[in-house]
Each structure stands twice: as structure tokens, then as C-alpha cells.
Amino acid sequence: MSGNRERTTGAQETRAGKFGAYGGQYVPEVLMPAVEELADAYERYVLDNEDGFVDDFRSRIEEFGGRPTPLSHAENLSERYGFDVYLKREDLLHGGAHKLNNALGQVLLAKYMGKERIVAETGAGQHGTATAMACAYLDMPCEIYMGRTDVNRQRPNVFRMRIHDAEVNPVDVGAGTLKEAINETMRDWATNVEDTHYVIGSVVGPHPFPAMVRDFQSVISEELREQSRERLGRLPEAVLACAGGGSNTMGAFSAFAGSAELPGAPEGTHEPAPDVDLVAVEAGGSSLGVDAEEGYAPNSASLSTGTEGVLHGARTKLLQTEEGQIVESHSVSAGLDYAGVGPELAALVDEGRVTPVNVDDDAALEAFHRLSREEGIIPALESSHAVAYLEEYDGDGPVVVNVSGRGDKDLDTVIEESAARDIDGAPTMEVFEE
Amino acid sequence: MTRSEVRAAFEDGPALVSYVAAGDPSAEATKEYVEALVEGGSDVIELGLPFSEPVAEGTTIQNAIKRALDAGMTPDAYLDLVRELDAEVPVVCMTYYNLIYQYGSEPGPEEFVEAAAEAGISGFVVPDLPVDESGPMYEACREHGLDLVFIVAPTTTPERLERMLDRTTGFVYVQGRLGTTGARDEVSDDTPEALERLRDADVPKAVGFGISSGEQAREVVASGADGVIVGSAYVDIIADGVENDQPTGAVADDLEALAAELKAGARKGLPEPERK
Ligand SMILES: Cc1ncc(COP(=O)(O)O)c(C=O)c1O
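Chains as they are written, first to last, in this note's numbering: chain A, 2 to 435; chain B, -11 to 264.
Some hints here could point you the wrong way.
Stretch-level coverage of chain A by chain B, calculated; a stretch enters the list once three of its residues show a Cβ under 8 Å from a Cβ in chain B [as the list claims (entries may be wrong)]:
{"#": "1", "region": "22 to 29"}
{"#": "2", "region": "186 to 199"}
{"#": "3", "region": "305 to 317"}
Partial chain A-side listing against chain B, Cβ under 8 Å, derived [to be verified]:
{"#": "4", "residue": "M33"}
{"#": "5", "residue": "P34"}
{"#": "6", "residue": "E324"}
{"#": "7", "residue": "G325"}
{"#": "8", "residue": "Q326"}
{"#": "9", "residue": "I327"}
Everything labelled a hint here was simulated from the structure, so no lab data went into it.
On a predicted model such as this, the values are computed, not experimentally measured, just so you know.
Just so it is clear, CB atoms sit at the ideal spot from N, CA and C, and this is done for glycine as well.
Let's have the full structure, built from the sequences with the hints guiding it.
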């Protein structure tokens, strides 16, 4: 693969940064040289393994990160649904979510590039935590932007970032979620672009971010293929992953869509596997509509209900009004609460390779409790969406659900929301209150 | 080539390009403000069409955009406003690409550019549309005789600069400093260098990002700029007016006075014999 820029991928990444009609580089001119410099570094270090960068990444994500993560058979769920359910355990990665794959990759790349400072945005706080962790590990100063709403609903992660010596800047604009945090981080980057790298947390943003983040996350599907072969003696019938920006989604799908290959991947782990259904589970929130008048969508299902537009550096599917104003999204899970989605994922959906579905807030909360009760695994509210779709899944299995992260960070939200909504199977804390 | 009304506005000596966000705090007020800015000596009006995610703006203009959106500004209302403007100077539309792209029945820039031309817009500044993605927009502007203004940043490489100059008509927007818009107390040291790089380019050069006083305007023109672009300093006045419940007329008077100061300052930056 080395040196080959015209990579043919599932989503036809025919020229740098374009996935069919999507992708591109729509950023202020002040950032363009940085984006070009990064694209160049991506090609040299990540695609061509210059200076052994990818080897360094692979050994650190094992040693520091704890890869490979297991593929666990979920016995009780398998019995419940009548087909085999396996869980890809990104919750067991260091930091408790898949986000470290990308954060470690990018902070390491920034080091190779000679950058001196890291900025990042975060929604659920998992990306911020992973970035802060990678920065502590690799000795880089780090500043994180986080919407005020998310600061309030993800307090354990705020504290974790600060423990790793990152500065956390709450963003008070708008709804105070991921969209606002991204805007603010772009402003910081534009001011300090000469020595600063922006670690984008998902497969979104201008080229090379969507391709690069996918490549760092592709270790998930690389392992998933190997483990399926060993454990199941076959590839799974379907892979389910939740989609916010889409990084755990692309990470879990890429080797099956034939779209990513990091140097050093085991032979044959990236061949297209058209028989494996790839299902992106979005946050249906409380309803699928968009209230254009209020500039509000009570969901973040941009793959299922969005329209094409340009946001945060890329052309992709967006939640927007007819006029093109971006609307505020909603999900009970902070990490899915975003009006956009990765351009490659949008292209894969248009091609019919990825099927977008969605489950609502209540279903995600129920799935959170179900997995905790039945399998002893507390999933992130984001991942709970993917788990919830098992209730509707119609097939024979085996099915792999990507458990993108663990749910410790979500306990406050879950206690509050479960009580408010009368969620099935939720324990209450009332008996302990005076 | 285009008839470039925008370029013509630079012919009488250092030009003042004045920005306000359309609809801040109302469409009616914007009309008065624009007239006052022209009265004060503005040669080009840069009228912002508010977008919900203004990533190139600092806090001042970000808040202005929010006030305008809250007051109901839309692309159609914007075009109505432009039609009703009584400005004798060219009006340039400053907005983000998604609004241009979404307008009309088909995705793409053609319909908005056409509608803008009909309404009386003379050109565009689109901060999140770098030259590399500007093909369809450039074609649409050419077809309707509108200028497409590119921003040259302190980080812009010589190679990118060349690509931009190939497609620039009207004037070059020289971003005077790193970062986002917002009034500053001093002219950045980057400015003379940025202008030096453009010395041989056959197109007027206007400097923006941070200019807020006559003295700064003088300094920028003395460094070789053909014009100054001012936005946040006006928007600060408008924000003050909103906060203190001032009548539109009083705010307009203050805007006119600042424009006059900036214009006079810019003139002082010219070498003695060229002053008019
Ligand atoms: C555990 C977990 N899963 C999923 C997501 C959603 O992001 P993405 O769609 O990029 O994987 C997040 C985001 O913070 C997360 O923390």
C-alpha cells in the first residue's frame, strides 16, 4: 500500500480527501497551510510508515493502550435473542473507550511533526480524556474545549482530564455541546496554528482528518476480523456500531468495507467482505423530526435524516434547516450529540454499503441496564445505542456489537434520566435516600 | 473579466471597507447603519449574511450573528434588505459556504450567486471556502459578473498565494494577524510583511482583522495597503446600543463618526503628495 495515493476504498476515496461527493477541506485560509502540512505528514508517516511511525504507534497502543481488546461472547444476550452475540470490547481499552486509538495516534504524529501544543474538543469527555492521557504519556501541553452542557453531564471526565494536567475550557455558546466545542477549538487553532496541532476526535473535519482518524481506529476491525476467524471460524453476519461523528463506526467497519489499511496489518484483514452487514446505529433522541423554526432537532440522526451540506471543514450529511443553518441536535448520550457525521460514512450510506438505523433515548437507556444486568458490562450511553439495536435485529447471527466505551462516566445521567422516564429494569437509588 | 464595481471603489485613494452583520439587531436598523457608514466615507460595504457556525469570527461578531439570527434574518430576508438598501457603494456579501450552497432548489452555489447579483450584490467573501474548493463558486461569480474575494493569511504560502491571485478579482483581503476577527489595540507586526509579499500583485489590497481606530488605519495604509477593512469596531458600537437601549439614530451617528475617523486616518497614511 505504501506510496499509493489513489487508494480505492469502499467509499471511493478516489482523490485525497474526497469520498464521492463528500469530504474536502472547507476551512479558513489561515488553517489551510496547517491542513496541508498535516495531509503531507499523514501520507508520509501514516500511509508510508516513514521513520517507523506506524510501528511506534502499534507498539504503544499495545503497551500503553492494552490492545488487542477481547471479543467476548455474550452468553445471556445470545440466549435472549436466539443468535450468537459477540461484543468487541473497546470499553477495556485504556481510558475506557476507543477514543485512545485516535488520540494516541494523533498526539504521536504531532510529536513526529515537531508540534509543541495540543488542542482538542470533546463531547462526552472520552476524547478529551484520551487526548489528555496521551499528552501526559507523551509529554505535550494540552488544552481541551468542552460545551457547558457536556461539562455538567460528564463531570467525572472533566476531572480525569484535569488529573492528567490538561486545561479544560467550558464553552458557553449555544446549546453548549460538541458543535460549539468544535467551533471554539477551530478558533484556538487559527490563533495558534504555527505550533499547535488540533486533535479532532472523530472521522470529521477537513482532509486528512476523516481518513487519518479512520486509519488509527481501523485496528478495531483488523482485530475483529482476526478474532472472528479464530473464535467463530467465519466472519460475522453483521457488525453493529453506534454513530456520532462515526469514528468507532468506521473503526469497526473499515476492514470489512475494504477502506483502510494501516501498514503492518495482518495479511488479508482488509479485503472487502460484502457479506458482512455494516449497521450504523444513530441516536434517534426523542423524535426524528427537525423543528426548523426553533433550529432544533430532538435527535442526532444525521445519516438517516440529514441532508448534504458543509460543516466544520467537510461536505457531509447534516442536520440543518432548508436554508442551511445548522440545528442543535439532541441525544441522551453526549458523545452522539452532534449535527454532522463523517464524510466517508455518509458516502458508504449512499452507496448502500452501510445501513443507517436509529434507536431512541429510552431504548438506549434500557439497553444500558440490560447489558449491565445480563452480562456484567456497563456500556457507555453511546455504545448502548448499538446494544439496543439487538432488540430489533432480524437475522441469524453471529452479530458483533462494538462496545465503544464503558459507562462509568454516564452514571449521573443514567440515574437521573432513568428515574425521570421510568425506564424498564432500572434500579432506583430512592431506598437509600433519607 | 468582470466589470468589478468593487475594484473601482479603490480608485480614489485608500478605501474604507465597512462590515456589519445584516439584521443586527434588525433589518430596519441595518439599513440605517449602512447608510451612516456610507455617509461617513465607506467605499465598500461588506454585509454579513449570518450563519449559525461562524468559525472565522471572534466573540464580537459571533454575538452579532446570534442577535441577527434570533431576530429572524434569513438568506431571503437578506436579499430583500440588499434590494432596499440605498447605498451608492458596492455591497459585498460575507458569509459561509453552506448558506450559499443550500440556497434554491438544487445544492450548489449557482442559484444564490444569481439571486445575489439580481438583488445588487457586487461580490463575495466566503471565509470557509479556500481557493482549492472554490471552482463552482468562482464560475458562478464569473458568469454573473461578481467578484470573489480571497483572504490571504499570515500563514499563506507563496504557492497558495499564487493560486489565489489567479482567481482573485475585486480586491485581496489581507488578514492582518493569526486568529479570528475582533478589534485590537495595535496593528500586528505581520501586516507590513504580508503587504510586502503582495507588492507585485495587480489587485487592490485591503487589510482587516483587528483594525479599530483612525491611527491604525493610517498605519496600515502607510505600510502599503490600498484599503482597510473594519468590522468588530462597528459591531462593538451596535452591541453597546443594544445593551443600553439606544435609539437607532444615535447608534448610526456613532457609526458614521467612526467611519469618518477611519477614513481620515487612512488618508493620512498616504504619502503627502497623493492625499486628496
Ligand atoms: C464511548 C463512545 N462511543 C462513541 C462515541 C461517538 O463518537 P464516534 O461516533 O466518533 O465513535 C463517543 C464519543 O465521545 C464515545 O465516548
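Evaluated hints:
{"no.": "1", "hint": "22 to 29", "in the structure": "holds (count 5)"}
{"no.": "2", "hint": "186 to 199", "in the structure": "holds (count 7)"}
{"no.": "3", "hint": "305 to 317", "in the structure": "holds (count 6)"}
{"no.": "4", "hint": "M33", "in the structure": "holds (5 Å)"}
{"no.": "5", "hint": "P34", "in the structure": "holds (5 Å)"}
{"no.": "6", "hint": "E324", "in the structure": "holds (6 Å)"}
{"no.": "7", "hint": "G325", "in the structure": "holds (3 Å)"}
{"no.": "8", "hint": "Q326", "in the structure": "holds (4 Å)"}
{"no.": "9", "hint": "I327", "in the structure": "holds (5 Å)"}
Hint compliance for this structure: every hint is met.
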